[in-house]
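Heads up: the sequence shown begins at 1 in UniProt numbering, then just goes up one per residue.
Hints should not be assumed to be uniformly reliable.
Unchecked claim - Straight-line alpha carbon distances no greater than 16 angstroms define the calculated EDC-like cross-link-like pairs of lysine to aspartate or glutamate that follow:
1) 34 with 7
2) 45 with 56
3) 53 with 7
4) 45 with 59
5) 25 with 59
6) 53 with 15
7) 25 with 7
8) 25 with 15
9) 53 with 35
10) 6 with 59
11) 36 with 15
12) 6 with 19
Everything labelled a hint here was simulated from the structure, so no lab data went into it. Just so it is clear, the structure is predicted and the values come from calculations on it, not from any experiment.
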Amino acid sequence: MTNEKKEKLLLTPMEAAKEKLFVSKTTMYNVLLKDKTFPSFHIGKRIYINANKLQEWIDNQTN
1 MTNEKKEKLL LTPMEAAKEK LFVSKTTMYN VLLKDKTFPS FHIGKRIYIN
51 ANKLQEWIDN QTN
């Protein structure tokens with residue numbers, strides 16, 4: 001068995017805020033509401049973020 005850590009494909013807003021963006025809950029929800037290019041979608045009432053698209057979005061924001 002290997003000890004490789006599997007990357008998640010989908011993140012919740014709180015996981016993205018904590019693990020990828022290092023921002024507060026309030027800042028995360030402001031981004032979700034205001035930035036139409038942010039890679040999120042709804043399934044029912046829940047919000048999910050595509051982890052690969054999030055990395056692309058971060059790269060575009062820093063260029």
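Structure-based check of all given hints:
no.	hint	verdict
1	34 with 7	violated (27 angstroms)
2	45 with 56	violated (25 angstroms)
3	53 with 7	holds (13 angstroms)
4	45 with 59	violated (28 angstroms)
5	25 with 59	violated (21 angstroms)
6	53 with 15	holds (15 angstroms)
7	25 with 7	violated (22 angstroms)
8	25 with 15	holds (10 angstroms)
9	53 with 35	holds (14 angstroms)
10	6 with 59	violated (22 angstroms)
11	36 with 15	violated (19 angstroms)
12	6 with 19	holds (14 angstroms)
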